[in-house]
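So the sequences go chain by chain: A and F.
Be aware that the first sequence starts at 1, since it is given in my numbering, and climbs by one per residue.
Be aware that the second sequence starts at 1, since it is given in my numbering, and climbs by one per residue.
Any given hint could be a false lead.
As the list claims (entries may be wrong) - Partner residues aside, some chain F positions facing chain A, computed with beta carbon under 10 Å:
id, residue
1, Thr-26
2, Val-106
3, Arg-125
4, Gly-128
5, Leu-129
6, Arg-131
7, His-156
8, Lys-162
9, Glu-163
10, Glu-164
11, Ala-216
12, Glu-218
13, Leu-225
14, Val-230
15, Leu-232
Said to hold, decoys possible - Below are the DSS-like pairs computed for lysine-lysine, each with C-alpha atoms no more than 25 Å apart in a straight line:
id, chain 1, residue 1, chain 2, residue 2
16, A, Lys-365, F, Lys-111
17, F, Lys-24, F, Lys-95
18, A, Lys-366, F, Lys-95
Said to hold, decoys possible - Examples of chain A residues lying across from chain F (beta carbon under 8 Å, computed):
id, residue
19, Gly-37
20, Asp-51
21, Asn-102
22, Asp-363
To be clear, the hints were calculated from the coordinates, so they are not data collected in a lab.
Quick caveat, the model's predicted, so the values are computed rather than measured.
Every residue, glycine too, gets a C-beta built ideally from N, C-alpha and C.
Letter by letter, the chains look like this.
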Amino acid sequence: MIEQTIFNKLTTLAESAKYDVSCASSGRDQKNTGKLGNSISAGICHTWSSDGRCVSLLKTLMTNDCVFDCAYCVNRSSNDIPRASFEVEEIVKLTIGFYRRNYIEGLFLSSAVEINPNYTMEKIVKVLRLLREREGFAGYIHVKAIPGADQRLIYEAGLLADRMSVNIELPSEKSLKLLAPQKKPKQLFLPMAQIKDSIVRSKEEKRQFHNTPNFVPAGQSTQMIVGATDDTDRSILLTSEKLYKTFKMRRVYYSAYMPVNDDKLLPAIQTAPPLLREHRLYQADFLLRFYQFEAKEILTEDQSNFDLDFDPKMNWALRNIKQYPMEINRVSYEELLRIPGIGTTSASRIYKQRRLMKVRFEDLKKMGVVVKRAKYFITCDGKFYGNKSLDVAVIKAALNPPEPYTQLALF
Amino acid sequence: MIYLYDGGFDGFLTCIHQHYYVEKATGIYESKVYQPMLLEEIKYVETDPSQAKVVQDAMIRKFSEHMYSNIYHTFLSKEYHKDTYLLDYLIFAFKHGYDTERLRSVDAIYKIQKISRQVGFEKHRFLGLLRFSDLGTCLYARFEPDNDIVTLLAEHFADRFKEERFIIHDLKRKTAVIGYEGNWLLTDFDQVLKEDLLSEEVFFRTLWQEYFDAIAIEGRKNLKLQQNFVPLKYRKHLIEFE
Numbered sequence: 001m002i003e004q005t006i007f008n009k010l011t012t013l014a015e016s017a018k019y020d021v022s023c024a025s026s027g028r029d030q031k032n033t034g035k036l037g038n039s040i041s042a043g044i045c046h047t048w049s050s051d052g053r054c055v056s057l058l059k060t061l062m063t064n065d066c067v068f069d070c071a072y073c074v075n076r077s078s079n080d081i082p083r084a085s086f087e088v089e090e091i092v093k094l095t096i097g098f099y100r101r102n103y104i105e106g107l108f109l110s111s112a113v114e115i116n117p118n119y120t121m122e123k124i125v126k127v128l129r130l131l132r133e134r135e136g137f138a139g140y141i142h143v144k145a146i147p148g149a150d151q152r153l154i155y156e157a158g159l160l161a162d163r164m165s166v167n168i169e170l171p172s173e174k175s176l177k178l179l180a181p182q183k184k185p186k187q188l189f190l191p192m193a194q195i196k197d198s199i200v201r202s203k204e205e206k207r208q209f210h211n212t213p214n215f216v217p218a219g220q221s222t223q224m225i226v227g228a229t230d231d232t233d234r235s236i237l238l239t240s241e242k243l244y245k246t247f248k249m250r251r252v253y254y255s256a257y258m259p260v261n262d263d264k265l266l267p268a269i270q271t272a273p274p275l276l277r278e279h280r281l282y283q284a285d286f287l288l289r290f291y292q293f294e295a296k297e298i299l300t301e302d303q304s305n306f307d308l309d310f311d312p313k314m315n316w317a318l319r320n321i322k323q324y325p326m327e328i329n330r331v332s333y334e335e336l337l338r339i340p341g342i343g344t345t346s347a348s349r350i351y352k353q354r355r356l357m358k359v360r361f362e363d364l365k366k367m368g369v370v371v372k373r374a375k376y377f378i379t380c381d382g383k384f385y386g387n388k389s390l391d392v393a394v395i396k397a398a399l400n401p402p403e404p405y406t407q408l409a410l411f
Numbered sequence: 001m002i003y004l005y006d007g008g009f010d011g012f013l014t015c016i017h018q019h020y021y022v023e024k025a026t027g028i029y030e031s032k033v034y035q036p037m038l039l040e041e042i043k044y045v046e047t048d049p050s051q052a053k054v055v056q057d058a059m060i061r062k063f064s065e066h067m068y069s070n071i072y073h074t075f076l077s078k079e080y081h082k083d084t085y086l087l088d089y090l091i092f093a094f095k096h097g098y099d100t101e102r103l104r105s106v107d108a109i110y111k112i113q114k115i116s117r118q119v120g121f122e123k124h125r126f127l128g129l130l131r132f133s134d135l136g137t138c139l140y141a142r143f144e145p146d147n148d149i150v151t152l153l154a155e156h157f158a159d160r161f162k163e164e165r166f167i168i169h170d171l172k173r174k175t176a177v178i179g180y181e182g183n184w185l186l187t188d189f190d191q192v193l194k195e196d197l198l199s200e201e202v203f204f205r206t207l208w209q210e211y212f213d214a215i216a217i218e219g220r221k222n223l224k225l226q227q228n229f230v231p232l233k234y235r236k237h238l239i240e241f242e
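Build the full structure now, drawing on both the sequences and the hints.
Below you can see the structure in the form of C-alpha cells.
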C-alpha cells in the first residue's frame, strides 16, 4: 500500500517537474567525501527519454500543490490536475535507491509553493540535510531557491547543494506582469543576487581559510520560456547576457513553450512548440559563453529575431563578410572562433599545431573543421578554396539547401 | 618483423623495448587474434616486466600525462591494428616529446588521438549507462562494451560506492572488476548470477521504469534523437528499455 502511493506520487510529481529543462550534473569535480557518491565536472547522463532529452538527475517536485496561478504553468492553482506531495523520507529513499543502482547522478529538487515560500523551502532543506548528513550522500544535488523564502533558508540550502536555480521564466517585466502577476521581478532577482554574493564570498574566504564551507560550488542557473509571449529573440538574448554578467550564471536554459493551459493570453493549445527557435537560442547562448560574442552583435536592432535558415554564427559572418577570408595560419584564436565551421575544439587544435607546423587545407578535416561551411571564409597558406568570390548571395545559395529540419534534434 | 605478445600492457611494452634494442618491428599484434599474412616474419615476444618498466619510465619522463592516457586508452581499443599504430606513434613521440600532442595532422598521431577519443567516449557513456542490481550480497552490473574499458570504470565506481561491494561484469571478455571498500581488482569472471530478484530490487526497477516514461514530454517526442544517444546495442542491459 505504501509502495503504491510512492508510485503515484512519483509519476504525478515527475509529470509536473518535466517542463524544467535543466538536468545537468556538471560543474563540479568532487571525490566521495561522505559514504556514497561523487561527481565529475563534465557531468554524466544516465539515459535519454523518448523526447531525446538526457536524464541525469531524479527530477521531481516536493509538491505540485501551488498557491500561485501563473498562466504558463501546468501546476497553476486554477488547473484541475492530480495533486500530490512527497514526504521528506520518501524522497530520501528514492534518491538513495536510484543512485545505488546508477540510474541517476543525483537529485534535482524543485517545488510548487505550498502554503507559503518558507514552509516549502524548509521542507526542501530538510531533505538535503537528511541526504547529506544522515545518509552521507555526496552525489549531485540541484535545488530550486523558492523566491520569497527567508534568506537564512536559502543560505542553508546553498551550503548543502551543488547547484541552485531560480527560474526567471519570462524575459521582460511586461510579460511577467501579464502572465505571472503574483511574481515580482524584484522578488526573483533577490535570491539570485543573494546566491551570487554568497558564492563570491565563499570563494574569497576559501583562499584564506581552507575549511570555509562551499556554497553552491557548481554555480547557479535559470531558465526562460520561449514563445509564450511576444518577446523577441533579441530581448531574450540580451536578458541572458545580463544574467550571465550580473549574477555570474553558469547556464541559462531555454524552453520552447509547450501549451499546457487554455488561456486567452497564451498561444492556443495545439500550437507546436518553437523547437527550431529554441535551438537557435542555444546556439547563440554558446556564442555568448564560449565564442566571445556579444548579444548585440548576434542580433541587431534591424534583425531582432533569428534567421531560421542559417545559424547565428553563419549569420554574423554573412553580415560581416568584409572581415573574411581569414588566414588559418595567422589570425588570432578569437578570430578563428568567428569562422563558421570552426568550433572551440578545432580552433584550439589549429592554434596548437600551427606554431610548429603549417596547417594545410587537407588537414582541416582532421582538425574537426566542417570544411563545407568553413571554406568560403578562409585561406590556407594564402590560397582561397571557396567559389570564385566572397559574395553573400553566392555563399547562401551554395549552402542551400539549408540544414535539414532534423538538425534541431540536437537539443 | 612482426612481434606477437600475450595481450597485456607489459607484453606490449616489452615489444617496444625489443624494437629499440634487438630488431626493428614492422607490426605488433596480440598473438591470440593475429591473422598471419604471407611473407611476414613473426616472432613471439615473452613478456619481461623489467624491459617493460624501462619503456614505461621513459614514457613517463618524456610524455605529458595526457599523451600517456591517450596511449593507454588506445591500447584498450578493439581496433585490430592498434598496437602497430601505437608503435608508429611511439617512434614519433620518443623523438619529439611534448610537441607530439600538438601535431594532430601527422597521420600516426591523428590515428591515436582519434581512437583514444572513441575509447574515452565509450567509457564516459558507460559511467551513465551501467545499471546495477542489488543482489543482497553486492551490487551487480553487466555490460558488453566494444572496447576493453572495464578497468577504466573501476576507479570511478570504487570511489562512488566506497562502502559497497560491487561487481562490474564484461560479458564479452568474461572479465569483471570486483570492488570492495574503495578498492578494486580485475579478474576472469564467467559466472551467470541467478536472477532471483529481491522485492526491493523489483520495486526500484518498476519505479524507475514508471519515472522514465513520466519524464518524457509527449509534444517533443523524437525517437531518432533518443536513438542517437542510446544506440540499440546498449539497450539490452538497460531496464528502462525492456
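A quick look at each hint next to the structure:
1. For F:Thr-26, the suggested interface contact is broken, since its CB lies about 25 Å from the closest CB of chain A, more than 10 Å.
2. Here the hint on F:Val-106 is kept, as its CB sits about 8 Å from the closest CB of chain A, short of 10 Å.
3. Proximity of F:Arg-125 to chain A holds as hinted, the smallest CB-CB distance being about 8 Å (cut-off 10 Å).
4. Given the 10 Å rule on beta carbons, the hint for F:Gly-128 holds: about 4 Å separates it from the nearest Cβ of chain A.
5. Among the interface hints, the one on F:Leu-129 holds; its C-beta lies about 7 Å from the nearest C-beta in chain A, closer than the 10 Å criterion.
6. The restraint placing F:Arg-131 at the interface with chain A holds, with a minimum CB-CB distance near 6 Å, inside the 10 Å limit.
7. Given hint, F:His-156 at the interface with chain A, holds; its Cβ is 7 Å from that chain's nearest Cβ, closer than 10 Å.
8. The restraint placing F:Lys-162 at the interface with chain A holds, with a minimum CB-CB distance near 5 Å, inside the 10 Å limit.
9. Given the 10 Å rule on beta carbons, the hint for F:Glu-163 holds: about 5 Å separates it from the nearest Cβ of chain A.
10. Hint on F:Glu-164 holds. Least Cβ distance to chain A is approximately 7 Å, under the 10 Å limit.
11. Evaluation of the F:Ala-216 hint against chain A yields a held restraint, the C-beta minimum of about 4 Å falling below 10 Å.
12. The interface hint given for F:Glu-218 holds, since its Cβ lies 8 Å from the closest Cβ of chain A, which is under the 10 Å cut-off.
13. Hint on F:Leu-225 holds. Least Cβ distance to chain A is approximately 3 Å, under the 10 Å limit.
14. The interface hint given for F:Val-230 is met, as the beta carbon of that residue sits about 5 Å from the closest beta carbon of chain A, less than 10 Å.
15. For F:Leu-232, the shortest C-beta to C-beta distance to chain A is roughly 13 Å, which exceeds 10 Å, and the interface hint is violated.
16. Under the criterion of a C-alpha separation no larger than 25 Å, the hint pairing A:Lys-365 with F:Lys-111 is consistent with the structure, at around 13 Å.
17. With a CA separation close to 16 Å, the supplied pair F:Lys-24 and F:Lys-95 stays within the 25 Å bound.
18. Proximity of A:Lys-366 to F:Lys-95 is assessed by CA-CA distance (about 22 Å); at most 25 Å being required, the pair is judged to hold.
19. Annotation: interface hint on A:Gly-37 holds; nearest CB of chain F at approximately 6 Å, less than 8 Å.
20. This hint holds: A:Asp-51 has a C-beta 4 Å from the nearest C-beta of chain F, less than the 8 Å allowed.
21. The beta carbon of A:Asn-102 is positioned within 8 Å of a beta carbon in chain F (closest approach about 5 Å), and the interface hint is therefore held.
22. Nearest Cβ of chain F to the Cβ of A:Asp-363: about 4 Å, under the 8 Å cut. The hint holds.
Of the numbered hints stated above, those contradicted by the structure are hints 1 and 15, listed in ascending order.
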